[in-house]
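These protein sequence lines are chains E and P, in that order. Positions 87 to 305 (the numbering used here) are the ones given, in order, by the first sequence. Positions 141 to 569 (the numbering used here) are the ones given, in order, by the second sequence.
Zero decoy hints are in this set.
The calculated lysine to any residue pairs, modelled on SDA-like cross-linking and capped at a C-alpha distance of 25 angstroms, are:
1) Lys188/P - Asn222/E
2) Lys155/E - Ser517/P
3) Lys280/E - Lys203/P
Bear in mind the hints are in silico, worked out from the structure with no lab data behind them.
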Amino acid sequence: MTDMELLNWARGPALEWATIIFVVGVLVRFLEMSLLGRKPDLSEARASAAGGGWRTVWRRSIPAPGLVKQAPVVIYAGYAFHIGLLIALLFFAPHILLFKDVFGLSWPALPFFVVDAATVIAIVALLVLLVHRLVNPVRRFLSSWVDYLVWAVTFLPLLTGYLAYHRMILPYTEMLAYHMLSVALLLVVFPFTKLMHTFTIFVSRWYNGAVSGRKGVQL
Amino acid sequence: MSALNMERGVKAMMEQIDAPIASYFNSCVHCGLCADACLFYTETGDPKYTPIHKVEPLRRVWKQEYTFWGKLMSTLGLSRRVTDADLDAWQELVYDSCTMCGRCSAVCPVGNDIAYMVRKVREGFAVSGHATEGLAEAAIRTVNIGSPMGIKAETLKKMVASEAKASGIEIELDKPGVEYLLMLSSAEIMQFHEFIGAVAKVMDHAGATWTISTEAFEATNTGIQIGSSDIARQLVQRVVDVAEKLGVKTVISPECGHAYIAIRWDGPNLIGRPYGFQVKHIVEVLDEFRAQGRLHFDDSKEDMKLTFHDPCQMVRRGGVVEQPRRLLDLCADNFTEMPDSGVWNWCCGGGGGVSTNERAEPLRLKVFSRKKSQLDSIGVKAMVTTCSNCRNMLEEGLEEYGMDMEVLSLTELLAEHLDDSKASKGAEA
Ligand code: SF4
Ligand code: SF4
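Looking at chain E on its own, in the form it has when it is part of the complex (with noise of 0.2 angstroms):
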């Protein structure tokens, strides 16, 4: 197979099946938590479920008083991550282009060097997490092999898409390939484990703000 075939068959059949599992695993999901439901409560509500509710989707992006001094490689190394990653999957131009050929939408990208330090951001970032799952103690107790698959099928795609923008190791084009293939394993990868926080995070703490809402707890 050419590095050219092997382009071909990860942008196409590789990432379409994917993009299937992606999406059906994903629904399955929701479909699953949806059906448990849950019972309505019958006491006496002190302030609004929904405004709580509201309230903690937004605020708990903010870490509580004393945690960043608690655990900052955590903190700081878990919104470098989130942001390097977001800019650079939804700011870098090309990638506009496919979501664009997708949905139907587009926006402005922003300049490359801004993708391109945000992507070293995201890569460092990832790294001093996984030092910091492996040597502190909570976090190792916590990790099972399932953490770490999420961190790697987390960090390939970032990784490739860096090397393939810099031609750096490979041909382009066959680090392309890899980049699509990283990127088609996450998405496999995605419904069957925490990566589902993308989504569920918001479902989350919205349950946890209106509980406290409805008792007139602001958190």
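Using the hints provided, position chain P with the ligands relative to the given structure of chain E.
This is chain P with the ligands only, laid out in the frame that chain E set:
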């Protein structure tokens, strides 16, 4: 026998799993930040006390029973079911090292309400006979006798009579048609009975009508702590029956955090219908009197430097946050907040049934070091609180660490500073 129990335990957990639980397990990224929120981890440094790890049995049940992937794995025999031995191993984590204080729930970045999960996992433990002995015995006493400490109506009557005598105010028991029904925690009948006299003084001062029932006086709910909705429901029903029989407008939860949660927020859900009366924490009632101008204080404000310990269930989990502060302002001159006060407060270490669990005592006293460092940073002479269980725990902790500090009840403090000459007797608003 134990296999059957285990089956019931798993079934009980399955019944507890709802959409929020599924979302929480789906969302957890194993960041470990909940550990930093929990005093059982921060004060011991032992990773096994990481909050989300405490509910691992529940996660396994959820995964195997309610996810496609988990079901497939267990059908293929690739995943292990939760066993008796697992629950034995987790008992300490679920009961001894969690006070259901909800601090982790307030910190988790993905929004997991871990205290809610602990409450639910305990259902499985209780049903399958894996609850701790202390709690199980207390639960039996509550169901049979009416109170976890085995206090009978006779004892209550004696205590009430002696408090009525001491305060010079008549306290009428089982009186129908009054506005308020006061509930009590066992500790308030046995150790801190001055609380009863203090309430009598305030009620008399504010001109409010109230009573205590000899049929249902115990406010704490062991069912909630052990994780048995069946027991919890029975206990709530007793209070509801009496309150509706007497026709009171408001049931007062005493100075006890868990009692408040149980009757105020969990109660209607346990009995499956809203109440025909309101439920308020005594501090809420006092604050309403304040707002209505029914409280008058003498000029002798407390000038000792003091602070307020927020009972987790009343404040972070209950939503009564500002009331105690407003009341303290009225009767204390030198009030200082602890670091991490209000909804961010750290637990006394004995909530959620931990205080009833003898085995947990050394651990509970160890993690009191968190409260100690909070207190050390402000250097106060006294600590006011609104939970008799906290009060006990704080006193034991202070003693353990050789700290010289008074622990006071807010209601009692307030009552001491009322100006009797200005009482608004009969002037019901
Ligand atoms: S803080 Fe939340 S996301 Fe992080 S490990 Fe704990 S439960 Fe999981
Ligand atoms: S509820 Fe409180 S004691 Fe229990 S795990 Fe969370 S922080 Fe720790």
